[in-house]
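Mind assembling these two chains? They're in different frames, but the hints should get you there.
From first to last, the protein sequence lines are chains A and B. Following this note's numbering, the numbering of the first sequence begins with 1 at its first residue and continues without gaps. Following this note's numbering, the numbering of the second sequence begins with 1 at its first residue and continues without gaps.
Calculated from the structure, these hints are not laboratory results. Note that beta-carbon positions come from the ideal geometry of N, C-alpha and C, so glycine has one too. Keep in mind that a hint or two might mislead.
With a straight-line cut-off of 25 Å between C-alpha atoms, the simulated SDA-like cross-links for lysine to any residue are [stated by the list, open to error]: (1) K159/A <-> D118/A; (2) K361/B <-> N132/A; (3) K456/B <-> T207/A; (4) K153/A <-> L451/B; (5) K78/B <-> L35/B; (6) K456/B <-> G208/A; (7) K361/B <-> K89/A; (8) K159/A <-> A339/B; (9) K361/B <-> H172/A; (10) K136/A <-> A339/B; (11) K153/A <-> V372/B; (12) K361/B <-> D118/A; (13) K136/A <-> T354/B; (14) K159/A <-> L451/B; (15) K153/A <-> L133/B; (16) K159/A <-> V372/B; (17) K361/B <-> L174/A; (18) K456/B <-> D118/A; (19) K361/B <-> T84/A.
Residues from chain A that face chain B, not an exhaustive set, calculated with beta carbons under 8 Å [claimed, not checked]: (20) N111; (21) M113; (22) V141; (23) R144; (24) A145; (25) K153; (26) P158; (27) S160; (28) Y162; (29) Y167; (30) I171; (31) R221; (32) Q268.
Chain residues, written in single-letter form:
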Amino acid sequence: MQNLRPINEYRRMRDPAGSNSTRESPVMLSSSLDSQEEVSIEEEVENSDAASATLGNVRCDNPYIVAENIDVFYGDNHAIQDVTLEIAKNQVVALIGPSGCGKSTFLRCLNRMNDSIDSARVTGTITLDGENIHSKSLDPVALRARVGMVFQKPNPFPKSIYDNVAYGPRIHGLANDRAELDNIVHTSLERAGLLKEVKNRLDDPGTGLSGGQQQRLCIARTIAVDPEVILMDEPCSALDPIATAKIEDLMDELSENYAIVIVTHSMQQAARVSRRVAYFHLGKLIEVDETDKIFTNPSHKLTEDYVTGRIG
Amino acid sequence: MQTTTLTLILIAIATGAFYFGRERSLLLASGQRKLASLHSLPGYYGYYTAIWALLPALAVLLIWLLIEPRIIVAMIVKALPDAQRALSSGELNLLVNNIRNYATGDIVAGDIEPFLRDAATQYQHLVAVSRHLLVTLSIGLATLGGVFAWRQITPEFRARNRVETVVGGLLIAASSIAILTTIGIVMSVLFEAIRFFREVPVTEFLFGLNWSPQTAIRADQVGSSGSFGAIPLFTGTLLITGIAMFVSVPVGIMTAIYLAEYSSTRIRSITKPVLEILAGIPTVVYGFFAALTVAPIVRRVGESMGFEVASDSALAAGLVMGIMIIPLVSSLSDDAINAVPRAMRDGALALGSTRSETMIKVLLPAALPGIVGGVLLAVSRAIGETMIVVMAAGLAANLTANPLEAVTTVTVQIVTLLVGDQEFDSAKTLAAFALGLMLFLITLGLNVLGLQVVRKYREEYD
Chain A
1 MQNLRPINEY RRMRDPAGSN STRESPVMLS SSLDSQEEVS IEEEVENSDA ASATLGNVRC
61 DNPYIVAENI DVFYGDNHAI QDVTLEIAKN QVVALIGPSG CGKSTFLRCL NRMNDSIDSA
121 RVTGTITLDG ENIHSKSLDP VALRARVGMV FQKPNPFPKS IYDNVAYGPR IHGLANDRAE
181 LDNIVHTSLE RAGLLKEVKN RLDDPGTGLS GGQQQRLCIA RTIAVDPEVI LMDEPCSALD
241 PIATAKIEDL MDELSENYAI VIVTHSMQQA ARVSRRVAYF HLGKLIEVDE TDKIFTNPSH
301 KLTEDYVTGR IG
Chain B
1 MQTTTLTLIL IAIATGAFYF GRERSLLLAS GQRKLASLHS LPGYYGYYTA IWALLPALAV
61 LLIWLLIEPR IIVAMIVKAL PDAQRALSSG ELNLLVNNIR NYATGDIVAG DIEPFLRDAA
121 TQYQHLVAVS RHLLVTLSIG LATLGGVFAW RQITPEFRAR NRVETVVGGL LIAASSIAIL
181 TTIGIVMSVL FEAIRFFREV PVTEFLFGLN WSPQTAIRAD QVGSSGSFGA IPLFTGTLLI
241 TGIAMFVSVP VGIMTAIYLA EYSSTRIRSI TKPVLEILAG IPTVVYGFFA ALTVAPIVRR
301 VGESMGFEVA SDSALAAGLV MGIMIIPLVS SLSDDAINAV PRAMRDGALA LGSTRSETMI
361 KVLLPAALPG IVGGVLLAVS RAIGETMIVV MAAGLAANLT ANPLEAVTTV TVQIVTLLVG
421 DQEFDSAKTL AAFALGLMLF LITLGLNVLG LQVVRKYREE YD
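Isolated chain B, as found in the complex (with noise of 0.2 Å):
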C-alpha cells in the first residue's frame, strides 16, 4: 500500500472519529439545558477524538518512514557474503544501491552474481513485510485513539481546553520552523567558519590587508599561497555603502518632507505607489542598469574632466545602490514624521510657524529616532545587496578610498568563491563561510540597534 493511500485512510479514520465523537456528545447532553450541560460544544469533542485517532497514528507512520530504509539496508548488509562485507563503506553503499536496483526492476550496474540476487529477493520481502506491519499497526493505532478518546467523553470532560492545548502545540510548531532553520544555518555557518580559521588565524583574516583568495589545489601546482585579509574587502563595502547612502539619505529624507508636509493629495497618492513600484525592481535589474548604462557615463564625465576612472567604479555600483535604496529611506521617514502626532503639527502652527519652521524645529526633531532608525535598515540592506555589486563593481580587492576605482565588496567574494567546482576542505571555500559570519553579524548588529531606536520611538507617542 502507498504511504499516500495510507494517509487518506488515516484522515478518513480521523473524521469518523470526529463524527462519532460529536454524536455521543450530543447524545450524553441531556437536561433541559441539553447543549449547556456539556462542558464544551459537541464539535470540540469531536475534534478530540480525531486528533487522537490521527496525531499518534501519523506520529508512527512519519518515524517508520524515517528509519525503514536504515533498519532493512543493515539487515541486508548483516546477510551478504563476508567478501562483500569487508568492502569499503563507498563500495557497499553502491553495492546496496545495486541491489535496491535490481529489486524494483530498475538497470543494474555490471554483472549480476546470484549473492545479489539473492540479497534482491531479501530486499523485496523485507520491504513487504515492513509495509504490512506499517499499516496493520498505524490503522490500529488510529482506531484504538479514537475509541480511546470516544470513550473518555462525559459531559464533564474538558474538551475544549484540550483541543486548544494542541492547536497551540502545532502553532509553535510552525512559527519555530523558521527560527530553527535560521539557527540551523547560522550554526552551519559558524562550524564552517572554525574549520576556516583552523586554516587561517582569526587575527590574519580580520586585520590582514590583502585579498588573494586563490590556493593550490595540487602538492605540485604552481601558485599563490592564497592571503585571506579580509580588510580590503570590508574598506570595498564600507566604500560602496557609503556612497549608496549619501545618495539615497538626502534624497529619501527630502522626498519624505515633501511627501509628508507639503505635496498635495493628489501628487502623495501618485507619488508614493510609484516609490513603491521602485522598491518592488528586482535588484539585477538595478544591477545591469549600473552595469550598462551608470557605469560608461560615470567613467565619460570623469575622463571628460580629467580622472583616471577605472570601468567598474565604486561610485557606479554606490549609486544605482543609492537609488534603489531611496524608496526604503522616504518611506521609512514618511512613516515617522507622519506618527509624529496631529497635535504637535497644529500647536506649532497654532504659535504663528510657517510649514517650514513647523517642519524643521518640531516635526523632524520629534521624528529624528524614527527616521535614524530607517536609516539604519537601510545601510544593512545596502551591505548586504549582493546583485548590483556583483554585476557593477569589480573583482580586484583594493584597499582605497577613491571611489573612481575599482573595489569589490564582500558578497561579491561570497558569490566569486562558491561559483563553480569547489573542494569544499579548501581554505578558500570555507572563507566564504567566515565572510558570511562576519556579515551576519554586522547586518544583524546593525537591525538590532535599528528596531530598538525605532521602537523606542513608538514608546514615546502611543
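Isolated chain A, as found in the complex (with noise of 0.2 Å):
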C-alpha cells in the first residue's frame, strides 16, 4: 500500500475537505494498474501547476541518449507527457516516483520494447550517440543489442548458467571460435560478480541458481553483449538486502563503462548508486537534479514531499 500514499495524499491536499469516497476510489483504481496511469487523476495533474515544465536541469554534459518530447500512449491512455531527459556516459541515472508514473514506461521506450506492445504508440525523438532510434534504418534488434536491460524478476532462459551468458554473444556472432566464447562468458560472469560462485557449475540450469544470484547471471547476459547502455528495471526488487547490496557494487563498478538508466521504488538506493535522479509523477517528469540537490534541496512541492516519505 505503501506506493498509493502519494495520490491519496496528493488528494487531500488538493480538497482538504474531500469526502471519503472521493479519496477512497482512486487510490482503489490505481492499484490495479501499475505501469498505466489513472485517468481522472492525470486530469488533476494538467490542471494542477504540476502541469508546468521539468523543473531542475534535464541537460547534461555530454549526453549520450538524448529523449526529446516523448510522448507514450496506450491506446487513449496518455501514459507519459512530453519528457525530455538527457543521460550521460559513465554515470547512473535513477527514476524515481510512485508507482504508475511512467517510470518503466519510458525506460522501455528507451531499447524500443514497447514495439511488442500493439496498442502503444510513441512520439518525440530519442537519439543514441547521435542516431535517431526511430529512425527507418535502424533495426530495433540491433539497437538492443547496444541498450541491454534487466527486469524486475530474474528471467534465465531454461539453459546451462554458460549457454544462458553465451547466448547473446552466439547470435551476434561476437565469437569467432570456442575460446573466444569462452572468454567471454568468463569474463562477464567475472565483472557481474558471479564468476567464483559458479565457476564448477557452468553446465548447470540457470534457474537453479539463488533469486540474487540470478539476477547477477541476467546483468552478466546481457554484459556479454558489450551494450552501450544498461537499462534496470526495479532490478533489486525482488531479492533480499545483501543480494541487492551486491547489485549495487556491481551498479557502481558498471558505470565506469556504461550509462545506466535504474527505475528504483527505494529512495535510499537512488541516493547510493545515482549520479543523477528524475522525478516522475503522472506521467510528467517532475524534476531532474544531481541526487543531492533532489535529496537535500529539491525545487518542487511534489519532489519534496515524496523524498521525504510524505508521498510514496
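Below is the structure:
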C-alpha cells in the first residue's frame, strides 16, 4: 500500500475537505494499474501547477542518450507526457516516482521494448549517440544489442549458466571460436561478480541459482553483448538486502563503462547508486537534478513530498 | 401403489422433516444470542432430519425392488407341479414368463392349463402383498427416521458436520460411478481376452504374422481354421498413425508458432476459433472425405507417376487422419508456447534477438516438454481413431510398409469382428476383446507418458 499513498495524500492536499469516498476510489483504481495512468487523476494534475515544465536540469554534459518531448500512449491512455531528458555515459541516472508514474514506460522507450505492445504509440525523438532510434534505417534488434536491459524479476533462460551468458554473443556473432566465447562468458560472469560462485557448475541450469545469483546472471548475460547502455527496471525489488548490496556495488563498477538508467522504488538505493535523479509523477517528469540536490534541497513541492516520505 | 408415487410420498415426508427439524432448532435457540447459541445454522438441522427420513427408506425401497422379483419367482416355482419343476432352466424361464403375462393380462403363448392359472393367481397375490409390505415399511421407516433425528436436535448437536459427511459421501459416490464403470469395462475386456488366449496362445497372437480370423462355425463346414497373428494389424495401425503424425506434427507446430508469435491479434482471433471448429467436425465426415475425395486423388496422382496404388491406400487414410489431428497438436503446442513466461520472451528480445531467434532458441526449447506431451496425446488419439480408417482404409491385413498399399488397423478389425451375427464363444468374436485390450494398454501407456511430460513441464514455471 505504500506506493499508493502519494495519490491519496496528493488529493487531500488539493482538496482538504474531500469526502472519504472521493478519496478512496482513485486509490482503489490505481492499485490495479501498475504501469498505466489513472485518467481522472491525470486530469487533475493537468489542472494543477504540476503541469508546468520540468524543474532542475534535464540537460547534461556530453549527453549520450537524448530524449526530446516524448509522449507515450497506451490506446487512449496518455502514459507519458512531454518528457525531455538527457543521459550521459559513465553515470547512473535513477528514475523514481510513485507506481504508475511512467518511469518503467520511459525506460522501455529507450530500447523500443514498447514495440512489442500492440496498443503502445511513442512520439518525440530519442537519439542514441546522435542517431535517432526511431529512424527507419535503425533495426530495433540492433538497437537492443546496444541498449541492454535487466528486468524486475530475474529471467534466466531454461538453459545452462554458460548458455545463458553465451546466448547474446552467439546470436550476434561476437565470438569467432569456442575459446573466444569461453573468454566472453568468463569475463562477463567475472564482471557481474558471479564467476567465483558458479565457476565449477557452468553446465548447471541457470534456473537453479538463488534469486540474487539469477539476477547477476541476467546482468552478466546483458554485459556479454557489450552494450553501451544498461537499463535496469527495479532490478533489486525481488532480492534480499545482501543480494541487493552486491548488485548495487556492481552498478557502481559498471557505471565506469556504461550509461546506466535504473528505475527504483527505494529512495535509499537511488541515493546510493545514482549521480542524477529524475522524479516522475503521473506521466510527467517533475524534476531532474544531481542526486544530492534532489534529496537535500528539491525545487518542486511534489519532489520534496515524495523524497521526504510524505507521499510514497 | 406405484413406485413413483411411493418415492414422491417419501420426498414429501423428507420435506416435512426438514421443516420440523428447522423449527425445532429455532425453538431451542434461546438467550440473547439466539441463533448463535446453536452449533449449526437452522437449515442444517432441517437437512439432518430430512436425510434421516429419506435415505434409509430409499435404501430399503431400492433393495426391495432389486430382490422382490427373484423371491416371488422362487416361491411360484416351488408351488408348481413336479412335472413342471423338472423342466430345464430355459423352459422354466418361458413358463414363468407365461405366468407373469397371464397375471398381468397379456397374451399368453400356448394353452392355459389349470396349474398356470393357479400360479398366476398366486403371483398376483404375492405381488400385492409385497407392495403393501413395501409401502408400509418404507413410509414407516421414513417417519421413524425423521422422528429419531428430530429428537436428537439440541443446541449443541453438530448437525452441520453430519450433513457435510453425508454430502461428502454423495460426492464420492458420484465420482466413483465413472471410475467403477471404467474398471468394469476393462475387467470384461480382460476376462474375454483371457478366454480368447485359452483358445489361441498369447505368443501366436502377439508375434503371428498372419491375420485371417475366419473360423468354421460347424464341424462339417468348409472354411479356414483362422489364424490370429496381430502383427499385421499393429504395423498397419503404426503405418497410418505414422503418416498422420508426419502430416499433423509439422503443420500443427508451425501453426502454433505462427499463432503464438507472429500473427496479429485479429488473425489470431479468427484462426483459433476456426481451428477449434475443425476439431469439432465428426470423424465420420472426415471418413467419407477420405474415402470419396482424397483416396481417388491419391490414386490418380500415384498412378500418373507410375506407382501402383490401392484404392483404399494407407496414405489416403493417414493424410486425412493427420488433418483431423492438426487442431489438437496446434492447440496444445500453442498453449505450451504461451505458457512460457513473458519475461523469457522479453529477456531474449532485450538481448537483441530477432523474433525467430527468440522462438527457436528460447521459446521452443522451453515449451518442448509441453509440445512433446501434446504430440503423445495426439498419437494415442490417432491410434484409437476408428471411423476414418473404417471408411478409408482397407480390410486386408497386409504386412507391408508401403503406404500405397491397403492395410488394416486394429480398430477396423474390431469393428468387422463384431458387426453382424456372431457366435460369442468363437475365437473370432473373442479376438476383438484381445485386440481391444492391446489397444487399451497402448493408448493408456501413451496417455500416461504424455500427461507425465506435460505435468513435469508445468511444475517448472508455476
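Hint check results:
| no. | hint | verdict |
| --- | --- | --- |
| 1 | K159/A <-> D118/A | 29 Å, violated |
| 2 | K361/B <-> N132/A | 30 Å, violated |
| 3 | K456/B <-> T207/A | 15 Å, holds |
| 4 | K153/A <-> L451/B | 29 Å, violated |
| 5 | K78/B <-> L35/B | 61 Å, violated |
| 6 | K456/B <-> G208/A | 16 Å, holds |
| 7 | K361/B <-> K89/A | 32 Å, violated |
| 8 | K159/A <-> A339/B | 17 Å, holds |
| 9 | K361/B <-> H172/A | 13 Å, holds |
| 10 | K136/A <-> A339/B | 33 Å, violated |
| 11 | K153/A <-> V372/B | 28 Å, violated |
| 12 | K361/B <-> D118/A | 23 Å, holds |
| 13 | K136/A <-> T354/B | 16 Å, holds |
| 14 | K159/A <-> L451/B | 23 Å, holds |
| 15 | K153/A <-> L133/B | 74 Å, violated |
| 16 | K159/A <-> V372/B | 18 Å, holds |
| 17 | K361/B <-> L174/A | 17 Å, holds |
| 18 | K456/B <-> D118/A | 33 Å, violated |
| 19 | K361/B <-> T84/A | 37 Å, violated |
| 20 | N111 | 6 Å, holds |
| 21 | M113 | 6 Å, holds |
| 22 | V141 | 5 Å, holds |
| 23 | R144 | 4 Å, holds |
| 24 | A145 | 3 Å, holds |
| 25 | K153 | 6 Å, holds |
| 26 | P158 | 5 Å, holds |
| 27 | S160 | 12 Å, violated |
| 28 | Y162 | 14 Å, violated |
| 29 | Y167 | 6 Å, holds |
| 30 | I171 | 5 Å, holds |
| 31 | R221 | 7 Å, holds |
| 32 | Q268 | 26 Å, violated |
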